[in-house]
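Student: If you want the building blocks of each chain, they are given just below.
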Amino acid sequence: GAVVSQHPSWVICKSGTSVKIECRSLDFQATTMFWYRQFPKQSLMLMATSNEGSKATYEQGVEKDKFLINHASLTLSTLTVTSAHPEDSSFYICSARLRASNTEAFFGQGTRLTVV
Amino acid sequence: GENVEQHPSTLSVQEGDSAVIKCTYSDSASNYFPWYKQELGKRPQLIIDIRSNVGEKKDQRIAVTLNKTAKHFSLHITETQPEDSAVYFCAASIQPPPMRFGAGTRLTVKP
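Going down the list, the protein sequences come from chains H and W.
The first sequence begins at 1 in our numbering and counts up one residue at a time.
The second sequence begins at 1 in our numbering and counts up one residue at a time.
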């Protein structure tokens, strides 16, 4: 299957700083990528849909100024958590769907963010 | 928007027994229903999916059934093995994605 790579796998940052997470589709072009957040022992909650060359679509309750999403190319989307706080500590996972497909989405390995 | 409910939240079975996880969805326009397996700290892995024009799909020990009228779908794992232990998520989407996930079921298979 298609490969989606996410970087970094884990990051620890100080409260008030910003953290950037990258999501790359390695062997296919992805016009759309999705960002999820998963708290311990909970489900994957969709944060936003990232469309190449246009603004991201955020889910209700997700602050677009806090979670900046950039999808500058067909293989890369980035999520920047700005002014991070301890409550932002979570597992962030991206997924991407094949450009020519409208079904399966492939997941990155996730990024565990800890804000201290 | 779509709301997906999943039951049970935890499931413990003896090795060799069958396991069944059930999900319901709210949006009748949803037409794609994947199931994912997630091991601790790892990415979700697609194990099987079904589209709304199909009532049942099977892949070796795993099967999924869909009842569009009742808006529910189920995952069936037969002859469970300890390596089946993981968290399983159902999801529903109107193609194309995004997908809305159920709350997850933690399956434990006891040897």
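Don't read these hints as lab results, they were simulated from the structure.
Please read these numbers as outputs of a predicted model, since none were measured by experiment.
One should not assume that every hint holds.
Unchecked claim - Pairs of lysine-lysine, DSS-like flavour, derived with a Cα cap of 30 Å:
(1) W:Lys42 - W:Lys57
(2) H:Lys14 - W:Lys57
(3) W:Lys58 - H:Lys41
(4) W:Lys110 - H:Lys41
(5) H:Lys66 - W:Lys110
(6) W:Lys110 - W:Lys22
(7) W:Lys42 - W:Lys22
Stated by the list, open to error - Computed list of chain H residues with no C-beta within reach of chain W, every gap over 12 Å:
(8) Val4
(9) Cys13
(10) Gln29
(11) Gly53
(12) Glu59
(13) Asn70
(14) Thr75
(15) Thr80
Every residue gets a Cβ at the ideal spot worked out from N, C-alpha and C, and that includes glycine.
Student: If a hint holds in the structure, say so; if it does not, say that too.
Tutor: How the hints compare with the structure:
Annotation: proposed proximity of Lys42 (chain W) to Lys57 (chain W) holds, straight-line Cα distance about 26 Å (limit 30 Å). As the CA atoms of Lys14 (chain H) and Lys57 (chain W) are separated by approximately 48 Å, the hinted pair breaks the 30 Å bound. In summary, the hint linking Lys58 (chain W) to Lys41 (chain H) is supported, as the alpha carbons are separated by about 28 Å, within the 30 Å threshold. Between Lys110 (chain W) and Lys41 (chain H) the alpha-carbon distance is near 20 Å, which keeps this suggested pair within the 30 Å criterion.
Of the supplied pair hints, the one linking Lys66 (chain H) and Lys110 (chain W) is violated, its CA atoms being roughly 43 Å apart against a limit of 30 Å. For the hint linking Lys110 (chain W) to Lys22 (chain W), the alpha-carbon distance of about 21 Å falls within 30 Å, and the restraint holds. Between the alpha carbons of Lys42 (chain W) and Lys22 (chain W) the distance comes to roughly 23 Å, so the proposed pair stays at or under 30 Å and holds. Consistency note on Val4 (chain H): stated as away from chain W, yet its beta-carbon is not over 12 Å from all of that chain's, at 8 Å minimum.
Consistency note on Cys13 (chain H): stated as away from chain W, and its beta-carbon is indeed over 12 Å from all of that chain's, at 19 Å minimum. With a minimum CB-CB distance of about 15 Å to chain W, Gln29 (chain H) clears the 12 Å threshold, and the non-interface call stands. With a least CB separation of 17 Å from chain W, Gly53 (chain H) remains clear of the 12 Å interface cut-off, as annotated. For Glu59 (chain H), the shortest C-beta to C-beta distance to chain W comes to about 9 Å, within the 12 Å cut-off, and the non-interface label is violated.
Its beta-carbon lying about 18 Å from the closest one in chain W, Asn70 (chain H) satisfies the requirement of being farther than 12 Å from that chain. Listed as a non-interface residue, Thr75 (chain H) keeps its Cβ farther than 12 Å from every Cβ of chain W; the least gap is roughly 18 Å. The claim that Thr80 (chain H) is not at the interface with chain W holds, since no C-beta of that chain comes within 12 Å of its own (minimum 20 Å).
Violated hints for the displayed structure, listed by number in ascending order: 2, 5, 8 and 12.
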